[in-house]
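Enquirer: For the sequence shown, the working numbering assigns the number 332 to the initial residue and increments by one for each residue that follows.
Honestly, the hints are just simulated from the structure, not real lab data. One or more hints might be untrue.
What the hints assert, rightly or not - Capping the alpha-carbon separation at 30 angstroms, the derived lysine-lysine pairs in DSSO-like fashion look like this:
| # | residue 1 | residue 2 |
| --- | --- | --- |
| 1 | K538 | K484 |
| 2 | K544 | K433 |
| 3 | K444 | K433 |
| 4 | K706 | K655 |
| 5 | K535 | K584 |
Said to hold, decoys possible - Beta-carbon label-pair distances, calculated as ranges:
| # | residue 1 | residue 2 | range |
| --- | --- | --- | --- |
| 6 | H373 | G581 | 49 to 57 angstroms |
| 7 | N474 | D743 | 45 to 53 angstroms |
| 8 | Q539 | G481 | 14 to 22 angstroms |
Beta carbons are placed, not taken as given, at the ideal position from N, Cα and C, and that holds for glycine.
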Amino acid sequence: MTGMKHMNRMNSLLILMMTAAAVSGCKGTEPFPEDAGVDKSHYEYLDPWQEGYMDIHQISTGRGNVAWLVLPDGTTMLVDMGDLGADDYSQEIMEPKPSAAKSPAEWVAQYIKRFSGTLPNGTDIDYAFITHFHGDHIGSFDNTAVSQPGSYKLHGITHLAKLVDIDKVVDRGWPNYSYPSSSQVASSNGGFSNYSSFMAERDKNKKQNEQFKTGAADQFVLKYDAESYPGFSVRNIAGNLYVWTGSGTGTKKLDLDTNDENEYSCAIRIVYGDFSWYTGGDLKNSNTENEVAKVCGPTDAVVCNHHAYKDAMSNSFIRQMQAKAYIIPVWDYYHPESEPLRWMLSTDLYPGDRMVFAAGLVNNNRLRLGENGEKIKPAGHIVIRVYEDGDTWQVFVLNDSDEDYEIIYKTDVLQSK
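Assemble the whole structure, with the sequences as input and the hints as a guide.
Expert: Pasting the structure below:
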């Protein structure tokens with residue numbers, strides 16, 4: 332891959348110059364007509380990934396959390412693969428995106444195929460990072476799970492792993508799933524035994540499984556050309572009620588007595604040059620968020636903890652993270668709630684412009700949130716593209732209602748912190 336690096340740098344510069352000239356302020360496109368037969372040839376589409384770019388796709392399925400990352404040398408990483416299962420929730424939830432014709436895993440596999448054409452390993456995923464064991468992050472494994480020969484059914488992450496190859500899975504409990512106790516882990520998801528059977532079969536087939544190591548900076552590394560990107564790193568920030576101290580690989584135990592699986596979520600921070608990105612599953616306790624924010628510091632783009640429910644995204648966390656962009660994984664009517672949204676938008680906490688994006692959104696929630704709800708950018712697949720060396724980045728929103736993935740909104744090219 333290194334032989335093409337000079338040419339790709341020239342291409343990157345040209346693209347940035349053209350983009351900067353074309354975009355003035357945050358730019359939206361006209362709404363899409365409902366008629367699927369309309370000619371869309373005049374719409375804009377995301378350019379293919381190229382060496383030196385980092386693309387972060389927060390994929391909208393309406394059925395749980397899933398992100399797919401392409402790192403600067405083409406290494407790929409999945410963060411969660413949720414599937415709510417049967418639609419028997421008491422509150423309003425999103426319609427499946429783009430439709431119920433396929434399962435969330437099938438739609439995600441199709442999405443990955445669409446955007447992996449220039450990758451060294453095609454659709455293969457190098458790392459699957461599971462933040463915690465709730466169904467909207469790994470699959471609910473209810474009666475919508477698909478039976479197959481073997482010890483487990485297909486749903487969420489187990490289904491996606493049948494459609495694309497996953498080299499390594501990292502979660503908070505492998506191999507014994509006994510922290511803080513095996514009964515608590517099992518109770519985190521009614522079908523957890525299905526997931527553990529999947530992991531046991533991976534182990535039997537000599538696939539790589541690992542437990543998340545809080546504090547480590549060598550668990551998720553570039554696999555194809557790491558030496559060309561010395562400014563890239565992934566730091567494991569928190570997990571299993573431990574948080575990185577900010578020094579070496581040291582950790583400390585959080586003062587939190589809880590049986591809530593959300594609080595055992597694992598969090599990472601990716602740095603590429605001056606750019607940084609954070610995701611932390613469903614962490615929500617304000618003390619936990621405060622400790623996490625202390626070691627992260629100002630971070631360009633933040634995936635909202637616990638979908639920006641009212642019990643997460645505290646004002647202290649937001650004040651310290653000082654993000655330019657907040658990304659909310661959405662499936663519920665209460666993603667986000669009013670107070671976290673108000674804090675995200677508040678210039679009393681820190682100065683400067685900031686943006687809130689939602690990977691999907693229940694329209695009635697936008698209305699319920701009133702004026703602040705209107706400040707959430709158009710909903711869809713959220714793509715953060717970090718340009719070569721991490722100096723600049725841009726956010727694109729892709730249409731999540733069909734299979735063409737047109738750009739429906741994009742920002743200026745932004746300067747990294």
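Enquirer: Taking the hints in turn, state whether each one holds.
Expert: Hints, one by one, checked against the model:
Of the pairs offered as hints, the one joining K538 and K484 holds, with about 18 angstroms between alpha carbons and a cut-off of 30 angstroms not exceeded. Simply put, K544 and K433 have alpha-carbon atoms about 35 angstroms apart, too far for the 30 angstroms limit, and the pair is violated. Of the pairs offered as hints, the one joining K444 and K433 holds, with about 15 angstroms between alpha carbons and a cut-off of 30 angstroms not exceeded. The suggested pairing of K706 with K655 holds, with an alpha-carbon distance near 14 angstroms, which does not exceed 30 angstroms.
Proximity of K535 to K584 is assessed by CA-CA distance (about 33 angstroms); at most 30 angstroms being required, the pair is judged violated. Distance hint check: the CB atoms of H373 and G581 are about 55 angstroms apart, consistent with the given range 49 to 57 angstroms. The hinted window of 45 to 53 angstroms between N474 and D743 holds, with their beta carbons roughly 47 angstroms apart. Taking the beta carbon of each, Q539 and G481 are about 19 angstroms apart, inside 14 to 22 angstroms as hinted.
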